[in-house]
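K.L.:
Chains as they are written, first to last, in our numbering: chain Z, 6 to 254; chain E, 259 to 821.
No wet-lab data here; the hints were simulated from the structure. Treat the hints with care, as some may be off.
Each computed SDA-like pair below joins lysine to any residue, with the alpha-carbon atoms no more than 25 Å apart [claimed, not checked]: (1) Z:194 x E:406; (2) E:679 x Z:45; (3) Z:170 x Z:205; (4) Z:194 x E:362; (5) E:638 x Z:45; (6) E:545 x Z:134; (7) Z:26 x E:672; (8) E:455 x Z:221; (9) E:410 x Z:185.
Chain residues, written in single-letter form:
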Amino acid sequence: MKYALLLLAITTLTPAQDLGKQGEAVFSKSCATGYCHGARGTNGGAPRLAARGFDQEFIGGTVARGIPGTAMPAFATTLSRADLTAVVAYVASLNGIASPTIAGSGGPPVPAAAKLTADAARGRTLFSDAVRGFGRCSTCHEIGGLGIPVATPIAKVPADVAALKILATPQVSTATLGAESMPALVVSKKANAVIFYDLTTPPPVLRTEASASIQTRDGSTWRHASVISAYSDAELAAILTYLRAVVKL
Amino acid sequence: MRTLAFLPLVLLPLSAQDAAVTRADWPHYGGTQFSWRYSALDQVNTSNVKNLLPAWIFQTGDYTENLGSTPIVVDGVMYLISAGARVFALDAAKGTVIWQYRYPTPRPGIAGSHSDFIQNRGVAVGDGKVIFGTKDNFVVALDQKTGHEVWKVSVDDPKQCGCNITGAPLIVKDKVIVGGNGGDQAHRGYLTAFYTKTGRAAWRWYVVPGPGEKGNETWKGDSWRFGGGAPWLTGSFDPDLNLIYWGTGNAAADFYDADRVAAGTSKSKDVNLYTASMVALDADTGKLRWYFQEVPDDVWDFDSSYEVLLMDRVVGNGSRGQMRKLLVHMNKSGLTFVFDRVTGEFLSSFNVPELSNWISGVTEDGKLVGRNEPEMGKTKNFCPSAAGAKSWNSMAYSPRTGFLYTPTNEICTDITPNDTKPTEGRFFMNGDFPMKLPPNRTTYSHVDAWDPVTGKRVWSMPYKFVLLSSVLATAGDLVFTGDPEGNFFALDARTGNKLWSFQAGAGHRGGSISYSVNGRQYIAVTTGFQQSLVGGAAVGLFPEENFRAGSTLVVFALPEGSR
Chain Z
6 MKYALLLLAI TTLTPAQDLG KQGEAVFSKS CATGYCHGAR GTNGGAPRLA ARGFDQEFIG
66 GTVARGIPGT AMPAFATTLS RADLTAVVAY VASLNGIASP TIAGSGGPPV PAAAKLTADA
126 ARGRTLFSDA VRGFGRCSTC HEIGGLGIPV ATPIAKVPAD VAALKILATP QVSTATLGAE
186 SMPALVVSKK ANAVIFYDLT TPPPVLRTEA SASIQTRDGS TWRHASVISA YSDAELAAIL
246 TYLRAVVKL
Chain E
259 MRTLAFLPLV LLPLSAQDAA VTRADWPHYG GTQFSWRYSA LDQVNTSNVK NLLPAWIFQT
319 GDYTENLGST PIVVDGVMYL ISAGARVFAL DAAKGTVIWQ YRYPTPRPGI AGSHSDFIQN
379 RGVAVGDGKV IFGTKDNFVV ALDQKTGHEV WKVSVDDPKQ CGCNITGAPL IVKDKVIVGG
439 NGGDQAHRGY LTAFYTKTGR AAWRWYVVPG PGEKGNETWK GDSWRFGGGA PWLTGSFDPD
499 LNLIYWGTGN AAADFYDADR VAAGTSKSKD VNLYTASMVA LDADTGKLRW YFQEVPDDVW
559 DFDSSYEVLL MDRVVGNGSR GQMRKLLVHM NKSGLTFVFD RVTGEFLSSF NVPELSNWIS
619 GVTEDGKLVG RNEPEMGKTK NFCPSAAGAK SWNSMAYSPR TGFLYTPTNE ICTDITPNDT
679 KPTEGRFFMN GDFPMKLPPN RTTYSHVDAW DPVTGKRVWS MPYKFVLLSS VLATAGDLVF
739 TGDPEGNFFA LDARTGNKLW SFQAGAGHRG GSISYSVNGR QYIAVTTGFQ QSLVGGAAVG
799 LFPEENFRAG STLVVFALPE GSR
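Build out the structure end to end from the sequences listed, making use of the hints.
P.N.:
Now the structure itself:
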């Protein structure tokens, strides 16, 4: 509560010029980039924003919610509340609104960013390290919105690297299609079709096969150790440290 | 009356490149995998094109962006994808829906990155499947007969790479090869091949080599990690050589090189490999067989990802003339290269745009000279712009005339570089680059005919705004393309004279094709102008105009009984 009050006080006392500066900074980083609105909202691939006669309510709504079905994203979830307020005020100023009303800070306080130890932070980078290609953890696991959620959310972190390598994977079964058998993670079995991830080689392939043509049985020769070989033991240990820091039991 | 009695004005000593032309079907993004966008059908020709009328019209119902794709036609069925990945199988003679598929709401990417734009340039059809890439970076295979999903595989996480797939895949034998975008972001581009049967990964080729690989030494420090180079369009395939050819994207950051090029590096050759290059890969293994970097140290966003035309032509005069297997390739700057596609040997180049100030010329062995680069702390005007002398829409080639047909825009840009540090998946262009109309002109684009062997412009038809639609050439000696005002028109392939025009109701950004069903020739064009990216920039350049969005396919034919 004290934190929220403090935020309120800061926001109320922030001079308009500072807000404008912050807004311009946010704008140049999030809105002027690439093929979007261009510097000061005047040039770019997306529509011009300066001197369009927009009112503040329209600007606020569009920035927060985006324009569905277009390239204009909803920034409500990606920008902090302070940045959101600042960028709306900035775009308002581009439209001749000299003293934009500053929205009250009635929202919930922004939680402090999770503090990770150096080892855990390294683990976080390794978890989705693009250099590993399809050999990275995020090929099959999603943590904090990053990664492809092929496996169910990680609920229990193995005690050490050895345990990670011999991880039991009872969900993986064996699918037989014609003459070929493959490790499979079954997603659904319907009357006419079986949907499963084919785990033969990373990345997993979500396949749909006619029920009549496929048999599945429990158990598989597939091993978790076979898909984490892009990492050294030390790297895997760092990844486990990261998982311990972020996976809530 | 048919015009078959007329002989071509110039008898070109052509080899039998029968596989390079389309007939009843339009099986690939570029017509065939030689990417000529040329139909051998001649029922519609210079004498009767004035009688063309709409035969059927199809509205996709997906009006979120443009209709920028190129349809595929196989055995009388058309396969069409909309910007938001609704896929339709249509009776190509009537336009009735055989099946339709709607890709579910994609996972969000990074706001403001490439992964946030809605675009799809086409499907590939083969092995009984219709295969396409998605906004959230999946490759999806549908059953060609039913439209049911067969397999689906994630190529990369759009939340991390800020990248996605907008180009049409290329099916080569038992594999489908897909590129992706993201080279304007902190991202390292690649091509990935999947088996069409199972969706399993077969190989991946990184445009930017990793540590220990040849070419990595052309990158300063760790800059290779986010070096860009994304090959975001569709390549070509020569089955005799078993090579696939692909153009690669610009180096990242686009407009600022001090973090990726070591001080004192010679820029004449091989800087930041293999960005802005033409590469030939072994179709089975994805191994690099040859490369030629067209823009060493690209600091203008002149990536080289555009279509790759494979043609056999005689090079040299008289007794010294020799049939060569050529590869013709224009990059974003409008500089067009001619290579021997067997060896990668540079043969010649020619510059298509009228306004060009980024280099002063090209040497006889293909090196750029007189580089005029963006400068820190300054704003400098460059022509052409990062929107491209030609955008990603394809040119066409007619073996009857021997000419390339290409739409060119005379648009410039003010580049102000900056040295922002990269964050993975975020835009990493390091510059403002507003588009500018060049002074003292009344027309800002033109459709030209060029002879790729002589490098000479044969004719040019000016147009007042920009041209962002692919070109179709036919054996009826017609050249078709469309403009942002909605006009779809036919030019005489030999003279450039406009023979026919039709107001299609919305601006053109996609591709036109020709095919036949039961002996009747059809010309199909996608309509609906792009409102973001390059199309959006065009809208911004001409604020008084109304380049209409939409998502409609219009199909033309000669009236029944008049053929």
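K.L.:
It remains to establish, for every hint, whether it holds in the given structure.
P.N.:
Hint-by-hint comparison with the structure:
no.: 1; hint: Z:194 x E:406; in the structure: holds (16 Å)
no.: 2; hint: E:679 x Z:45; in the structure: holds (21 Å)
no.: 3; hint: Z:170 x Z:205; in the structure: holds (18 Å)
no.: 4; hint: Z:194 x E:362; in the structure: holds (20 Å)
no.: 5; hint: E:638 x Z:45; in the structure: holds (18 Å)
no.: 6; hint: E:545 x Z:134; in the structure: holds (23 Å)
no.: 7; hint: Z:26 x E:672; in the structure: holds (24 Å)
no.: 8; hint: E:455 x Z:221; in the structure: holds (19 Å)
no.: 9; hint: E:410 x Z:185; in the structure: holds (19 Å)
When held up to the earlier numbered hints, the structure conflicts with none and fits them all.
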